[in-house]
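**Student:** If you read the sequences in order, they're chains A and B.
Residue 11 in numbering that gives the first Met the number 0 is what sits at position 12 of the first sequence, and the numbering runs on without skipping anything.
Residue 70 in numbering that gives the first Met the number 0 is what sits at position 71 of the second sequence, and the numbering runs on without skipping anything.
Be aware that one or more of the hints could be misleading.
Stated by the list, open to error - Pulled a few chain B residues facing chain A out of the computed Cβ check, cut under 8 Å: (1) 85; (2) 108; (3) 120; (4) 127.
Hints listed in this document are in silico derivations from the structure and should not be mistaken for laboratory results.
As the structure is a prediction and not an experimental result, all values here were calculated from the model.
Ideal placement from N, C-alpha and C gives every residue a C-beta, glycine not left out.
Chain residues, written in single-letter form:
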Amino acid sequence: MLLGLQKRGKKRKPSRPNPFLGPPLKCTSRLREIMTKHYFLSRYAKGAMPIAWVSSGAPVELLRVFDFYTVYPENHGALCGAQKMGPEICQEAERHGYHSDLCSYARIDLGHAFSGKTPAGKLPRPDLLFCSNNICQTILYWFKELSHYWRIPLILFDTPYNFEDIRDSDIQYMADQLEEMIPTLEKVSGRKFSQKRLEQFIEIGKDSSRLWGEVLATLKARPAPMTIFDAFVHLAPIVSLRGLPVAKEYYEILLEELQDRVRKGIAAVKNEKRRLLWDNIAVWFKLRDWSILFAEHGCNFVAATYTNAWVETIHYLDARSPFESMAKVYSLVILNNNLKHRLNLMRQMIKDYQIDGLVIHSDRSCKPYSVGQYDMRRLLAEDLGVKAVVIEADMTDSRVYSEEQTRTRLEAFFEALENE
Amino acid sequence: MSDMDYFAGVDTGSLSTEVVIIDQDLNMVAYSIEQTGSDPIAASEAAMDNALSKAGITRDRIKKIIATGYGRISVPFADKKITEISCHAAGAYHLFPDTGTVVDIGGQDSKVIHVGPGGKVLDFAMNDKCAAGTGRFLEVMASTFGLSLDEMGELSLKAKEAMPISSVCTVFAESEVISLIAQNKPRENIILGLHTAIVNRVWNMAQTVGIHPELTMTGGVAKNRGVVALFEKKVGRPIHVYKEPQIIGALGAALLASRS
Chain A
0 MLLGLQKRGK KRKPSRPNPF LGPPLKCTSR LREIMTKHYF LSRYAKGAMP
50 IAWVSSGAPV ELLRVFDFYT VYPENHGALC GAQKMGPEIC QEAERHGYHS
100 DLCSYARIDL GHAFSGKTPA GKLPRPDLLF CSNNICQTIL YWFKELSHYW
150 RIPLILFDTP YNFEDIRDSD IQYMADQLEE MIPTLEKVSG RKFSQKRLEQ
200 FIEIGKDSSR LWGEVLATLK ARPAPMTIFD AFVHLAPIVS LRGLPVAKEY
250 YEILLEELQD RVRKGIAAVK NEKRRLLWDN IAVWFKLRDW SILFAEHGCN
300 FVAATYTNAW VETIHYLDAR SPFESMAKVY SLVILNNNLK HRLNLMRQMI
350 KDYQIDGLVI HSDRSCKPYS VGQYDMRRLL AEDLGVKAVV IEADMTDSRV
400 YSEEQTRTRL EAFFEALENE
Chain B
0 MSDMDYFAGV DTGSLSTEVV IIDQDLNMVA YSIEQTGSDP IAASEAAMDN
50 ALSKAGITRD RIKKIIATGY GRISVPFADK KITEISCHAA GAYHLFPDTG
100 TVVDIGGQDS KVIHVGPGGK VLDFAMNDKC AAGTGRFLEV MASTFGLSLD
150 EMGELSLKAK EAMPISSVCT VFAESEVISL IAQNKPRENI ILGLHTAIVN
200 RVWNMAQTVG IHPELTMTGG VAKNRGVVAL FEKKVGRPIH VYKEPQIIGA
250 LGAALLASRS
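Model the full assembly from the supplied sequences, consistent with the hints where possible.
**Tutor:** If you want it as structure tokens, here you go:
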């Protein structure tokens, strides 16, 4: 549903206009074009450009200086999830001995590496692996497996967890790492480092993240001009094309369209009665079903901690001190920050976006994101009186998701909202 | 009598289907219980016909019907569908107005519901994607012993000590039980161990919504006296159990039908 990259199996029914949803965003076709091109060109990148596989929270601005063609396994995992290929590709990894309790993005990526299965046609084999443990520790071991399998270098950007306040010594430690990466990046890419180019990419990256923040902020309007389910899809450029002009240009036109919808009062959910906040990664294989289900109940997701993660720390980015500022931007992200921070962030979002209810996805794959959710739910319900429901699922592996159990939970949540 | 309005609730669960008919003064006029089997539509039709004949009225006298339970979407004659969470809260509150917490252990899931004034749902928790801690768990175990669920409950009351059952998985717990039987451990002690395992599991879930006095137990498992006794031990005082605990979801549905 994210991209019609390759027609598989039985033909999809064309999506008919839904009576509960507003008109679809015009920008979606442009997004599809950009992302299709991104994956399509990657097939021909081998030999022409150095190729890196990058984790979602890695400081990619530095790679841009060396003209790396970047592929994001997490974005590819989301794509597989949306195309409902999660279980099939996960099983390829399980066949090689990887346990089903391992993150499903990791299993999809490893399963793809072993079998070549992907809805994107073909992904280019990387020359370099680049990750940061600011999102989880699994990423390091997962990329180590790939590094071992393909015998290619792996660069880790190690970000100390922020328990209270970031220390100067931590910033120095991280900035030093970034500088130390340069010789390896030069060697793998065959290109020279340029401080000036780094500054340029930082500026573009900063602009696109800021625009993404403005895109999300349009959802403060009542009724909101898009839903978070749309935002999950329109997130792709900021994840995969961050630092490139195409991402910035895309968010300029998306922002314009959304501002226009706000002016004209065009609602994403026709009868927006309740406004909800989503916590954790999207459940990619349920995106379409749920966007209809919630709309039927007059509920619109207008905010998510997940989509916000690509805006949250961007104000630290500063081309005048690239390494120190990147250290802050990448180490203070939600998953590398303490739970008190997360609680305060959610509290603020509930106020800013006039939230009536929380839907908390307890993601079987993503332990760092799912920890503390029951406590946060209780504290937010006590303090702010918001209704909350926890649903147990996975971002891509539908085998650990139970449709009936979840439906009952969600319907009881709707009943509780309606009885308010 | 002849101008009396009636309302009905249908609770189509994974194991059994119940229908409750109430009159406009909220008196229960009739109820029926059928096995759901593989055809929830047929089971709900049969339960409805049965309840109607007990009540001595025809279908057209029922003003509104609400369906609940897992099969609620397949009840063809329902006017509205409401989750069993709201229905159990409404039913338990009607029978025991001091209810603060409902523990419902049904065939396929277990729920803990925090009930507020008027039987409103304030919060709830449900078991995750696993049958441990549900009626199905006890059913599997009962068939391992060749006992009925009621017999299992009675037997556990005679136990001297609970055999620890370490596995939380129904399938693995069954193999654990088989190995305990092979070791000639007293049946009643093994059964008490199983009941303790299920109660501990539900109790842990209850902590997430908090235990609010008084506690009412609903669902078929509430007929098991051994399980009820263990819950009473946890709470430290008697808990409410209606004589037919499995019809409370259907009763709640009928009550909600009368309100809307």
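**Student:** May I ask which of the numbered hints given earlier this structure violates, with the numbers listed in increasing order?
**Tutor:** Of the numbered hints given earlier, the structure breaks none, since each of them holds.
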